[in-house]
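Position chain B against the provided structure of chain A, taking the given hints into account.
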Amino acid sequence: MRRCAPRLTIPSRTSQLARVRARVACWAEEAGLAEKAAQALQLAVDEACANAIEHGYGGRPDGRVEVEAAFGKDALTVTVRHRGDPYDPERYRPPELRRMLEGHRVHGYGLHLMHRLVDEIAFRLRDGASEVCLTKRRNGRHEA
Amino acid sequence: MSSFSVSFRPHAGTGPDPGSAPDGARVCVLDLAGELDAHTATEFEAALQKCLDEGHTRLVVSGRDLQYISSAGLGVFMAFVEPVREAGGDIKIAALQPRVFNVFDLLGFPLLFDIVDTEEAAVERFTQGPSTAA
Numbered sequence: 001m002r003r004c005a006p007r008l009t010i011p012s013r014t015s016q017l018a019r020v021r022a023r024v025a026c027w028a029e030e031a032g033l034a035e036k037a038a039q040a041l042q043l044a045v046d047e048a049c050a051n052a053i054e055h056g057y058g059g060r061p062d063g064r065v066e067v068e069a070a071f072g073k074d075a076l077t078v079t080v081r082h083r084g085d086p087y088d089p090e091r092y093r094p095p096e097l098r099r100m101l102e103g104h105r106v107h108g109y110g111l112h113l114m115h116r117l118v119d120e121i122a123f124r125l126r127d128g129a130s131e132v133c134l135t136k137r138r139n140g141r142h143e144a
Numbered sequence: 001m002s003s004f005s006v007s008f009r010p011h012a013g014t015g016p017d018p019g020s021a022p023d024g025a026r027v028c029v030l031d032l033a034g035e036l037d038a039h040t041a042t043e044f045e046a047a048l049q050k051c052l053d054e055g056h057t058r059l060v061v062s063g064r065d066l067q068y069i070s071s072a073g074l075g076v077f078m079a080f081v082e083p084v085r086e087a088g089g090d091i092k093i094a095a096l097q098p099r100v101f102n103v104f105d106l107l108g109f110p111l112l113f114d115i116v117d118t119e120e121a122a123v124e125r126f127t128q129g130p131s132t133a134a
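Chains as they are written, first to last, in my numbering: chain A, 1 to 144; chain B, 1 to 134.
So that you can see chain A by itself, here it is in the shape it has in the complex:
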């Protein structure tokens, strides 16, 4: 019996992000992730949910974002799913950070953080929903 339900559905409001982080912390503990790995996954999932809310739903509060955990043998995968505007992963290019910083870019760091923070990241469209799957391995990279 797991201590935390493996699925959480939130309204598309940024006020819900703290709830998501708390749930991811619980999942990470159950999965046996080290503290740094857990924190990295928490931040990556936060960024994915914020993107779903702000870009997928364009800030509309009446959408739904599903966050779901899958416990593997040596990894935890969290999937963030929404039915707002889909993100096209082909558009992603590793940013030239120095240029972004020098250009004082306000947006565009979240996606890069997600790529840096997890061991695997996958985007897909399934049954009309956009999904991003974020995997952290127990012995993977510990960036944050």
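Below, a sample of chain B positions facing chain A; criterion: calculated Cβ distance under 8 Å:
no., residue
1, Met-1
2, Ala-38
3, Ala-72
4, Leu-74
5, Gly-75
6, Val-81
7, Gly-108
8, Leu-111
Have a look at the derived ranges for each label pair, beta carbon to beta carbon:
no., chain 1, residue 1, chain 2, residue 2, range
9, B, Pro-10, A, Pro-86, 47 to 53 Å
10, A, His-115, B, Thr-127, 37 to 43 Å
11, A, Arg-126, B, Ser-3, 33 to 39 Å
12, A, Arg-91, B, Gly-108, 20 to 26 Å
13, B, Glu-120, A, Gly-108, 32 to 38 Å
14, A, Arg-3, B, Ala-87, 49 to 55 Å
15, B, Glu-120, A, Arg-124, 49 to 55 Å
16, B, Glu-120, A, Gly-32, 39 to 45 Å
17, A, Arg-19, B, Arg-64, 23 to 29 Å
No lab work stands behind these hints, which were simulated from the structure alone. Values in this document were obtained by computation on a predicted structure and should not be read as measured data. Ideal placement from N, C-alpha and C gives every residue a C-beta, glycine not left out.
Okay, now just chain B, sitting in the frame of chain A:
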């Protein structure tokens, strides 16, 4: 809901006047506490804007009690650093906890901002001319 607060105060002062840096210029310190995310970033933005509206351009952001930051919080720093520098000041960042510093570091922010260990060290940097991080 995310727990976050931001307040600002004059630096206690090591210069000739209360709240001033060693070169005499006034420094405003913003104390961040809690979790700075896409929900709470607007509070930080409003506080920075209020500082600017009140004429403060030498700003130290203290992260001593900041537990968490996401890219939305980093975006606020980016939005304000240029106008502050154009007005002749700067935003220095002090006393970040390791977890929060790591996020700044992952994105290369130490290239752009002076990030130092203590509030006093941040104030000292104002006497050393323009940011070397820019």
